[in-house]
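**Q** Here is what each chain is made of, one letter per residue.
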Amino acid sequence: MNNNENNSQVIVVTSGKGGVGKTTTVANVSCALARMGHKVAVMDLDIGLKKLDLILGLENRVIYDIVQVIEGECTLKQALVKDKRFGHLYMLPAAQTRNKDDITPEQVKKICDEMRKDFDYIFIDCPAGIEQGFRNAIAAADKAIVVTNPEVSAVRDADRIIGMLESAQFKDIKLIINRLRIDMVKTGNMLSIDDLLEHLCIDLLGVVPEDKNVVISTNKGEPIILNERSAAATAFNNIARRITGEKVDIQDFEENPSFWSKIKTLFAGK
Amino acid sequence: MIEFLKKIYSRENNSSRAQANERLRIVLAHDRAGTSNQLMETLKEEIIQVIAKHVEIAGTPEVTIIHEGRQSALDINIPLKGR
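Protein chains in written order, with our numbering: chain A, 2 to 271; chain Z, 6 to 88.
Calculated directly from the structure, the hints in this document are not laboratory data.
Facing chain A, according to a computed beta carbon distance under 7 Å, are these residues of chain Z, among others:
1) R22
2) N26
3) V32
4) L33
5) G74
6) R75
Small disclaimer: the values here were computed from a predicted structure and weren't measured. For every residue, glycine included, the Cβ atom is placed at its ideal position computed from N, Cα and C.
Assemble the whole structure, with the sequences as input and the hints as a guide.
**A** Here it is in structure tokens:
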């Protein structure tokens with residue numbers, strides 16, 4: 002399915018609230034898919050506040066940006082930055098000195114249509130918020146991934162975004178829960194996976210546990226998926242496999258339940 | 006012993022997780038329906054007034070928002086006086 006030109010998928014990654022891990026998710030899931038042999042492109046639409054180039058460690062290789070492509074200063078091919086670590090991964094950088102109103106949904110659509118010919122998966126890194134940047138980001142997408150954290154404000158914003166995606170006729174909206182701390186869920190101090198699914202009522206695409214390795218990888222500009230020992234890396238790899246249609250169970254984060262948690266389960270009365 | 010442990014466990018109903026769930030339930034219901042507590046009060050009063058104009062109400066009328074999945078509905082429960 003993935004080598005068929007007409008079957009390319011444009012997937013927007015969005016959240017409403019900022020700082021939940023959209024860009025980290027886009028970077029790692031796209032790297033994982035590229036490593037699996039798919040042709041992948043990532044498009045940074047956070048114009049004025051770009052991050053994707055930095056997360057991917059490609060900041061020194063950026064020459065042109067998406068606004069220059071739209072304004073005809075360069076071709077799409079010239080602006081695409083190739084990630085040499087992975088087979089077929091390209092990034093279309095955002096412009097840093099412009100703003101979200103400098104491009105329109107139609108222009109994004111046109112670029113995506115041009116890219117569909119060469120890629121299996123095109124990820125759009127959506128800016129936070131529900132304004133012009135959000136409208137630009139969802140215009141060309143076939144599917145949406147909503148990233149949230151197990152935290153009230155992030156869930157509320159995610160719910161708002163899901164409502165807006167539904168109004169925009171999105172049929173395929175999936176949830177990624179990022180930065181889950183199972184130890185805190187167990188002590189009753191964090192919303193659980195089931196809690197979030199009950200509130201948001203959409204299908205789960207993956208759960209990424211809190212992992213300090215993410216900070217370390219980001220410091221170095223290396224995708225976390227290269228770190229085989231990281232729990233977050235496993236989670237991002239699993240998400241990539243699910244995107245290709247493979248059935249992969251959500252990880253059991255409780256491999257070694259503590260004595261105390263065993264006692265608790267015993268008396269949970271369920 | 007078992008009772009004691011059950012007691013400890015049941016404390017989790019007052020946990021911050023339980024509070025987060027409760028607060029989210031209310032806030033999401035209002036967000037989705039585009040309503041506020043103030044609007045609900047106004048709605049309730051006016052609906053009851055309209056009904057009371059035509060039929061006699063017995064007991065306590067209730068007007069609440071219920072939600073199933075991502076759909077919300079106005080649940081109006083007004084007991085009427087029998088003949």
